[in-house]
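Top to bottom, those sequences are chains C and B.
1 is the number of the first residue of the first sequence in the numbering used here; add one for each residue after it.
1 is the number of the first residue of the second sequence in the numbering used here; add one for each residue after it.
Bear in mind the hints are in silico, worked out from the structure with no lab data behind them.
C-beta: ideal position from N, C-alpha, C; glycine also.
Mixed in with the good hints there might be a few duds.
Some chain B residues judged to face chain C by a derived CB distance under 7 Å, without partners named [unchecked claim]:
#1 S88
#2 Q92
#3 T208
Just the calculated beta-carbon pair ranges, DEER-fashion [unchecked claim]:
#4 B:T293 / C:Y86: 44 to 52 Å
#5 B:V388 / C:F273: 47 to 55 Å
#6 C:R168 / B:K244: 48 to 56 Å
#7 C:V76 / B:V388: 51 to 59 Å
#8 C:A292 / B:K372: 50 to 58 Å
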Amino acid sequence: MSDANLIILLSTISTGLILGSIFALVAVGVTIVYGSIWMPNAANGQFFVLAALLGWTMTVSWGIHPAIAAILVIGVSVPLSYGLEYILVRRFYDVPNRNISYFVLSLGITQILTGIFAATYGRWSDQFQLPPLVSGITFIGPLPVANNRLMVLALALSILAALFALLRYHRYGRAIRAVFQNRDAAALRGVNVKASYSLSFALGNAVIFAGGILFALAYSFDLTVAWTMSITAFAIMIIGGPGSVLGAVIVGMVFGFTQAAVSTVASPTIAAFSYLGAMLLILLFKPSGLFAR
Amino acid sequence: MTHRKSLLAVLATATLASAGIGHAQEKPPVKIGFVTELTGAWSFFGTSCVAGLKMAEKTLNPPGKRKIEFVIADDQTSPAQAVAASRSLDVQDKVLALSGPTSSDTGLAVYGYAEQNKVPFVVPVAAFPQLTKPGTRYTFRLEPDAVGWGYAISKFVEKQKPGGKIAMIYSDYALMRAITAGIKYQAPRSGLKIVADIAFPQGSNDATVQAAQILAATPDFVMVSGAGGFDNTITNQLLDLGIKPEQIIHPFGITTQVMNWGKRSVGSYYGTFFDSNLDSLTPEGKTFVEEFTAQYDRPPSYGENFCYVTANVIREVIDANPEAADDREKFRDAMSALKTKEKTSGIPIEFDKNGARMEYMYFLQMKEVTAKTYKAKQAFYIEWDPEVIPVYTLVK
Numbered sequence: 001m002s003d004a005n006l007i008i009l010l011s012t013i014s015t016g017l018i019l020g021s022i023f024a025l026v027a028v029g030v031t032i033v034y035g036s037i038w039m040p041n042a043a044n045g046q047f048f049v050l051a052a053l054l055g056w057t058m059t060v061s062w063g064i065h066p067a068i069a070a071i072l073v074i075g076v077s078v079p080l081s082y083g084l085e086y087i088l089v090r091r092f093y094d095v096p097n098r099n100i101s102y103f104v105l106s107l108g109i110t111q112i113l114t115g116i117f118a119a120t121y122g123r124w125s126d127q128f129q130l131p132p133l134v135s136g137i138t139f140i141g142p143l144p145v146a147n148n149r150l151m152v153l154a155l156a157l158s159i160l161a162a163l164f165a166l167l168r169y170h171r172y173g174r175a176i177r178a179v180f181q182n183r184d185a186a187a188l189r190g191v192n193v194k195a196s197y198s199l200s201f202a203l204g205n206a207v208i209f210a211g212g213i214l215f216a217l218a219y220s221f222d223l224t225v226a227w228t229m230s231i232t233a234f235a236i237m238i239i240g241g242p243g244s245v246l247g248a249v250i251v252g253m254v255f256g257f258t259q260a261a262v263s264t265v266a267s268p269t270i271a272a273f274s275y276l277g278a279m280l281l282i283l284l285f286k287p288s289g290l291f292a293r
Numbered sequence: 001m002t003h004r005k006s007l008l009a010v011l012a013t014a015t016l017a018s019a020g021i022g023h024a025q026e027k028p029p030v031k032i033g034f035v036t037e038l039t040g041a042w043s044f045f046g047t048s049c050v051a052g053l054k055m056a057e058k059t060l061n062p063p064g065k066r067k068i069e070f071v072i073a074d075d076q077t078s079p080a081q082a083v084a085a086s087r088s089l090d091v092q093d094k095v096l097a098l099s100g101p102t103s104s105d106t107g108l109a110v111y112g113y114a115e116q117n118k119v120p121f122v123v124p125v126a127a128f129p130q131l132t133k134p135g136t137r138y139t140f141r142l143e144p145d146a147v148g149w150g151y152a153i154s155k156f157v158e159k160q161k162p163g164g165k166i167a168m169i170y171s172d173y174a175l176m177r178a179i180t181a182g183i184k185y186q187a188p189r190s191g192l193k194i195v196a197d198i199a200f201p202q203g204s205n206d207a208t209v210q211a212a213q214i215l216a217a218t219p220d221f222v223m224v225s226g227a228g229g230f231d232n233t234i235t236n237q238l239l240d241l242g243i244k245p246e247q248i249i250h251p252f253g254i255t256t257q258v259m260n261w262g263k264r265s266v267g268s269y270y271g272t273f274f275d276s277n278l279d280s281l282t283p284e285g286k287t288f289v290e291e292f293t294a295q296y297d298r299p300p301s302y303g304e305n306f307c308y309v310t311a312n313v314i315r316e317v318i319d320a321n322p323e324a325a326d327d328r329e330k331f332r333d334a335m336s337a338l339k340t341k342e343k344t345s346g347i348p349i350e351f352d353k354n355g356a357r358m359e360y361m362y363f364l365q366m367k368e369v370t371a372k373t374y375k376a377k378q379a380f381y382i383e384w385d386p387e388v389i390p391v392y393t394l395v396k
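Modelling step: build the complete structure from the supplied sequences, incorporating the hints.
This is the structure we're talking about:
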């Protein structure tokens with residue numbers, strides 16, 4: 001294999017890994033919220049962009065180091081989520097068929113945030129680029145990869161691993177999983193279901209924020225990425241099985257690789273639609289998703 | 001008696017004063033509807049345009065001249081909203097003419113309204129060729145059309161590297177489609193070979209694989225034109241993989257983008273129609289650059305300049321044809337007959353039968369980028385007739 005072809009192959013793999021891990025993060029955030037409180041959060045793309053914009057403001061305008069900014073951004077998501085949950089989300093906990101109400105509510109939040117972003121950040125929409133976490137280049141064979149991207153990949157995978165550990169081994173995580181599986185049984189076993197709802201909403205959004213800030217650290221972005229990410233996260237969640245964290249991770253990684261591979265062998269335009277086609281195809285045969293319980 | 005005399009004097013003074021005021025106010029301001037992108041995806045360009053317009057307004061209405069007033073409306077980067085704003089400005093504000101769009105998509109929407117309703121339309125910064133397609137009567141475009149930019153890029157590469165190889169990597173927007181159509185038409189005629197042609201859908205965020213494909217194609221030059229922040233992504237990923245800055249050509253460079261490309265871009269080329277580094281700035285152009293830089297903390301680029309020039313062109317037309325200030329047909333005729341120069345650069349302004357301008361383009365090479373400014377050197381300049389290539393059939 002010539003160096004040129006090897007570079008293309010390796011770049012496809014590295015892109016698949018980085019994009020896939022970010023897709024997985026966002027989809028996991030969406031699926032935690034959905035699995036717990038049945039909220040199909042259409043505003044996930046706007047939360048994602050909010051994280052990126054906050055990161056941009058902190059690093060470019062305020063001069064904060066990107067690593068500290070990343071931690072602050074994820075931290076900001078916690079009070080924000082609890083605030084939203086307290087003011088809006090918890091009012092629907094006892095509403096029958098509340099997922100429809102939640103969907104409409106999140107569409108409203110989407111519209112409001114879209115308007116706010118356009119009015120406040122729109123004029124800089126060609127300038128959203130964060131300083132790198134680390135500088136330098138590492139050669140993987142003949143392919144030069146920015147150390148910053150490798151760091152983003154490592155962080156994304158670390159967060160996913162930490163999330164798995166939390167959900168599997170920590171009592172809060174086990175409570176969330178219990179509510180995922182059967183909220184009535186969980187309540188009978190002494191789990192505070194509504195506290196678990198609040199925690200899930202905050203945790204899910206924190207993961208989406210983590211995805212947003214890591215994306216912004218790896219790529220330039222603009223406000224339109226909100227819509228792309230929102231659709232992608234929903235598609236991953238639906239294919240993986242709503243409420244399945246493992247499904248979101250696996251399908252997220254597959255999406256990343258699919259996008260990279262299809263854009264190599266076909267074109268970026270076809271790649272953008274390929275996973276939506278895959279979603280429709282899978283839903284034909286397994287409407288509940290690949291990893292649904 | 002004294003009181004009566006005083007009262008009469010006051011009344012007489014008041015009458016005279018009101019007559020004087022009445023004379024000054026007998027002609028209402030000439031209103032120009034300025035529909036532009038203050039929000040939405042293209043707002044970085046619309047707000048820059050308004051900044052240029054505001055600079056022009058500082059000196060636009062000297063005493064004794066009929067006041068020109070720009071009524072600014074936000075089209076939200078939406079063609080539908082652009083039409084709605086145009087209608088409102090036409091019907092309610094009764095503007096003399098429309099202007100303002102900086103996006104080809106919104107520009108085409110206003111174009112449709114203006115031509116249909118016979119409202120003169122002065123396009124400051126929108127480059128899609130169909131804005132001045134044959135049969136156009138009320139629209140006048142200051143910015144050279146984007147198919148022509150592709151022609152100019154090919155000519156530039158032909159000069160830099162005869163028989164060279166060129167790659168294209170860009171976002172799939174109307175503007176970029178027009179630019180690449182011009183390159184695809186002219187490159188073979190200039191003896192160039194196109195070795196890669198990669199378009200990204202809107203909303204794309206990664207170009208690593210495509211940058212590798214470009215590298216594998218071993219081009220001499222790469223035309224890079226991503227939409228918004230994606231332009232930085234593509235540029236950085238090409239540089240990461242080993243494409244040299246001297247190989248990169250950005251078809252258009254506005255100040256904010258130039259600063260975004262950053263120090264890594266030193267050596268790369270960008271096309272433009274006005275830049276603070278041009279050799280040919282007029283004294284007014286230098287003042288414009290100085291005052292703009294002082295106010296906005298960055299030098300102006302062609303977007304700001306075209307909007308500055310648009311205001312001054314309208315002033316010039318109304319000064320030379322006072323009757324045109326209240327009559328759209330006369331204003332349209334006066335615009336059509338206009339022969340002037342950009343006050344900032346001295347470049348001629350003259351419109352052909354379709355409202356297109358004799359076209360031109362500068363190519364500058366980046367020499368230095370600092371936190372708030374940059375230095376570039378003029379590397380190439382070209383002028384051409386709008387229809388030197390079939391611009392209106394290459395892009396529909």
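Consistency of the hints with the structure:
A hinted interface residue such as S88 of chain B counts as satisfied when its beta carbon comes closer than 7 Å to some beta carbon of chain C; here the least separation is about 20 Å, so the hint is violated. Nearest Cβ of chain C to the Cβ of Q92 of chain B: about 24 Å, over the 7 Å cut. The hint is violated. With 7 Å as the threshold, the beta carbon of T208 of chain B comes within range of chain C, its nearest partner Cβ sitting at about 4 Å, so the hint holds. Checked against the given bound of 44 to 52 Å, the beta carbons of T293 of chain B and Y86 of chain C, roughly 48 Å apart, stay inside it.
Distance hint check: the CB atoms of V388 of chain B and F273 of chain C are about 38 Å apart, inconsistent with the given range 47 to 55 Å. Between R168 of chain C and K244 of chain B the Cβ separation comes to about 49 Å, which falls inside the hinted range of 48 to 56 Å. For the hinted restraint 51 to 59 Å between V76 of chain C and V388 of chain B, the CB-CB distance of approximately 55 Å keeps it satisfied. Checked against the hint of 50 to 58 Å, the C-beta distance between A292 of chain C and K372 of chain B comes to roughly 55 Å, which is consistent with it.
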